[in-house]
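Trainee: Residues in the sequence shown are numbered consecutively from 35, following my numbering.
To be clear, the hints were calculated from the coordinates, so they are not data collected in a lab. Keep in mind that this is a model prediction, so the values were computed, not measured. Even glycine gets a Cβ: it sits at the ideal position worked out from N, Cα and C. Among the hints, erroneous ones may be present.
Have a look at the derived ranges for each label pair, beta carbon to beta carbon [what the hints assert, rightly or not]:
# : residue 1 : residue 2 : range
1 : PRO311    : LYS168    : 21 to 29 angstroms
2 : TYR320    : GLN185    : 23 to 31 angstroms
3 : ALA109    : ARG233    : 52 to 60 angstroms
4 : VAL64     : GLY164    : 51 to 59 angstroms
5 : ARG156    : ALA336    : 45 to 53 angstroms
6 : GLY82     : HIS121    : 17 to 25 angstroms
7 : GLY113    : ARG156    : 42 to 50 angstroms
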Amino acid sequence: MSTIHWTESHTARSARWHSESATPLPRRVVVADDRTKADTAYRLACEGTALLWRGDFHNARQLLQAMSRRIGRKAPRPGDTPADSFHLHRRARGHRARVLGRLLVLLEDDYSLGLRRAPDVRQACSEAYGPPHKPLVVSLTELLGVIGAHQWRKKGVAVPALDARIHPHYGVFSPVRGEYVDLVAQASLPGPADHRAGRRTAFDLGTGTGVLAVVLAHRGLDHIVATDISPRALACARQNVRRLHFSAHIDVWGPGLFPEGRADLIVCNPPWIPARPTSAVEQGVYDPDSNMLHSFLNGLTAHLEPGGEGWLILSDLAERLGLRTRRELLAVIEAAGLHVLDRVDARPRHPRTRDTTDPLHAARAAEITSLWRLTGN
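Build the full structure now, drawing on both the sequences and the hints.
Mentor: As structure tokens, this is what we get:
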């Protein structure tokens, strides 16, 4: 792990540097406090200088908001095509994240914050980063995300299909968009390969919080293997499975995509946008070069029981943004030796579909999420 250096009260200081988005060490660090003006902080951050905050915690949040307003004064221009608009939007968001990410805070060796009016963030940081052992410098924006994730982990997300709550962990995609969960909860299930035993098996690939595996167990499937490549997701899924008392029916396996063996049903809800993620949470949204989508489709026939089905849950947002065509998707399905039995559609209900200030509003408002029922040729 890298070490960040700064000078404070004529004394050289250092600490470990941590960034979930793999942001490199800042070239220059200055100490900032309640006397620092927003215009000065914004100018320094735009020039690449990081500001280590040593003043009041709530004033740091106000400074962050003031810097954000200054970034927002220059809205990104719309692109000539939906794909251009998407890339310009991501570029603007990246610039915003870099500038705001240069306001830093120091976590002590027990993850405490030595700032006036600072909240107790020790448990939240332990959940996100693991056990503490040395002082750590992180961006304030990252710390606020850690605090927010801790609150979601305590409160949980209501899942009507389960009449229960799923508790997401930091860095694990939260099931706040309910339409894809409802699709899995309502689609017709395939019959078991072994009709004499009547035992139905399933794989949930890229399980995240484990929500879809739990939905399948709730629907009566006898044995589900839930997989993920992320250690955080695996720990999160195991906790949710235990909390909802489905450990007898669900095994959490990984890191990896396909487990050994075959199943009557294989479900996958891959990231929907073929682009490169810039943080752990974005890995639930962005799939570089559609790698996970292709891996799922290409491995499906080798892992399905005779008569089994693969369920692909996918939004058409990438198509509406010009990042992938329907013809390309169907060609990949056909090349994998699969054919489409059926497709069930649902419209998203999340607030961003109604946000007319969103540069991608037209695509989001028209978006459809589909469950593709696939089987081998």
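Trainee: The structure should be examined with respect to each hint, and the outcome stated for every one.
Mentor: Outcome of the hint check:
no. : hint                                  : result
1   : PRO311 <-> LYS168: 21 to 29 angstroms : 28 angstroms, holds
2   : TYR320 <-> GLN185: 23 to 31 angstroms : 24 angstroms, holds
3   : ALA109 <-> ARG233: 52 to 60 angstroms : 57 angstroms, holds
4   : VAL64 <-> GLY164: 51 to 59 angstroms  : 29 angstroms, violated
5   : ARG156 <-> ALA336: 45 to 53 angstroms : 46 angstroms, holds
6   : GLY82 <-> HIS121: 17 to 25 angstroms  : 23 angstroms, holds
7   : GLY113 <-> ARG156: 42 to 50 angstroms : 44 angstroms, holds
In this structure, the one hint that does not hold is number 4.
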